[in-house]
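Engineer: The chain contents come next:
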Amino acid sequence: MRNKLYAPIILLLVLAFLIGPFIIIIAASLSAGETLSFPPQGLSLRWVIKVFEVESFRASFGISMFLAIGGTLAALILGIPASYALSRYKVPGAETIRTIVSSPIIVPGIIVGLALLRYFVVPFNFGILLALFLAHTALILPYAVRVVSASLNNLRSDIEEAAVLLGCSRTGAFFRVVMPNIRGGILAAFILGFVTSFNQVPVSLFLSGPGVRTLPIDMLSYMEITYDPSVAALSALLAFMSLGIVFLAERFLGFSRYV
Amino acid sequence: MSDSRFLCLEKLTLSYGKNVAVPEMDLDIGKGELVALLGPSGCGKTTTMRAIAGLMEPSSGSIILDGANITRVPANKRPVGLVFQSYALFPHLNVYENVAFGLKLMGIKGKQLDERVVDGLKTVGLSQYATRKPAELSGGQQQRVSLARSMVMEPKVLLLDEPLSNLDARLRLEMRTELQRVQKESGVTMIFVTHDQVEALAMADRIIVMLDGHIEQIGTPEQIYNNPASDFVADFVGFENVFERDGNKIKTLSGDVTVSGDIAPTTKGLAWRPTMVTLGEGPYEGTVRGTSFAGGTREYLLDTPLGQIKAECDASLPAHDFGAALKFDLPVHKAAQLARTGSL
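These protein sequences, in sequence, are chains W and H.
Heads up, the first sequence stops at 283 in the working numbering, and the numbers go up one at a time, no gaps.
Heads up, the second sequence stops at 349 in the working numbering, and the numbers go up one at a time, no gaps.
Simulated from the structure, these hints should not be mistaken for laboratory data.
Quick caveat: nothing in here was measured; it's all calculated off a predicted structure.
Glycine is no exception: its CB is placed at the ideal position from the N, C-alpha and C atoms.
Pairwise CB distance ranges, derived in the manner of DEER restraints: (1) W:P105 <-> H:K109: 22 to 30 Å; (2) H:M111 <-> W:A263: 46 to 54 Å; (3) H:G295 <-> W:P105: 55 to 63 Å; (4) W:V225 <-> H:S64: 56 to 64 Å; (5) W:A56 <-> H:E141: 52 to 60 Å; (6) H:T182 <-> W:K114: 38 to 46 Å.
With the hints as extra help, turn the sequences into a complete structure.
Structural biologist: Here it is, written out as structure tokens:
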């Protein structure tokens with residue numbers, strides 16, 4: 025009996041904890057007042073509209089989009105062949121390679137960021153944008169390898185031999201029968217990579233520089249100067265964008281199968 | 006080139022790194038033959054098949070098909086088809102597209118493509134399933150799609166890897182007949198790999214029994230079944246009581262035992278099926294150590310001075326109890342006379 029009472033209460037608390045901040049942010053962003061506050065003072069869309077008028081938000085959104093899409097594509101271009109080799113060939117030290125590839129997930133971002141800045145960007149004098157791009161690619165790579173590997177391991181390898189015996193070259197077999205069957209995994213990796221890159225703070229914090237910032241970093245510095253609800257409005261918009269992407273992915277791909 | 010040497014393996018050696026799986030194999034297969042490569046797992050039969058398909062490169066020797074040396078021809082350029090044990094259908098394509106896959110790569114399109122695919126599906130009786138995905142088909146249907154997919158390519162040789170092993174008993178019988186029919190109608194040279202002697206005996210025109218990378222015996226099903234050449238083949242086709250022979254004696258657990266009867270001078274061993282053992286009378290005696298009822302017959306396991314003897318007799322005869330002493334005979338005139346021993 026007791027369990028029956030506790031379980032729903034705990035469930036409600038967990039849900040409140042998870043969804044609560046999101047609701048607060050949405051409410052705050054609809055405020056008509058001058059400062060970020062909850063409960064909102066009045067109701068208006070002025071801060072949502074303001075978001076689109078802030079020049080630096082537009083610029084940093086563009087950079088974040090470029091990093092998320094470009095970085096994820098680069099990670100997939102490297103990650104798909106790597107996953108294929110790891111799953112199909114007896115690579116010596118495959119486990120070590122897998123661990124190294126996953127290390128950016130394990131090592132805290134702030135350390136990765138500092139290390140990249142001190143020993144990579146400064147000595148080699150990379151441009152800010154290039155440094156950010158390379159760092160994001162490296163951060164997304166583990167996700168790409170893991171998700172693509174999972175779908176490759178679910179695919180029988182003898183269909184490639186079957187394709188070869190029906191006249192395909194080895195490369196042809198990869199594009200004709202492997203790629204179409206891991207398409208779902210690749211799209212899942214893309215979405216995961218996109219979201220990871222878009223929400224990245226610690227690494228980007230170290231690598232951002234004058235005039236080139238990602239959106240989350242720009243939001244942080246905006247808040248240091250201006251404490252108005254437009255940051256809340258922007259957060260809410262980004263949350264809806266993420267939700268929309270994941271919803272579409274689940275709807276058309278069964279995204280949760282891959283992650 | 007004669008028809009009996011349509012596919013020739015000449016001193017073919019196949020190895021995995023330093024491990025030689027098949028050393029210097031010679032084999033001729035005739036045009037339109039239905040041949041079984043029979044043997045226990047690890048005997049090299051699958052390796053041989055993969056080499057013929059081009060999926061494995063031989064370390065030496067050659068493969069001649071229809072007069073052409075195909076040893077170094079890559080798998081995708083060989084006129085050889087392979088039906089995989091797991092069927093290996095392309096999961097993202099439907100039945101029609103699976104069958105059309107190879108034809109499209111050959112550059113066939115339009116009406117001609119459609120005709121050949123439809124024809125192929127009709128041959129295996131799957132015309133109404135053209136738009137299904139492989140996952141929506143039963144094992145037997147997937148097998149047929151796989152067969153059609155290879156057959157529409159009109160290969161000179163069709164290889165099948167354990168074609169019946171993933172099917173249940175009833176489907177197996179049906180598929181057996183089906184494979185024989187397709188083979189006879191198309192006249193394609195067909196080689197199938199199996200570890201099941203019943204399957205090989207029932208389907209093949211000729212059986213190649215393999216053991217440890219070499220050929221133990223080649224023969225028709227009747228020859229293999231009635232006149233096994235070695236103790237291994239004898240045991241494999243059901244002669245479960247095998248003895249080495251020395252003059253008019255057989256070597257047993259308790260020393261040499263003299264047998265009476267005509268034995269060819271070249272015979273190295275004698276073997277009896279359980280059904281060939283005479284029970285209830287004879288010069289030997291054993292104790293019943295096991296008995297099982299097998300429908301029409303009853304099987305006995307006897308502990309005897311000769312070693313363990315397996316016997317089988319009509320179930321309508323009175324049963325012998327566990328532990329009972331039982332006289333028996335091994336009649337030499339019924340025994341298979343083996344030309345070789347020592348492979349068991």
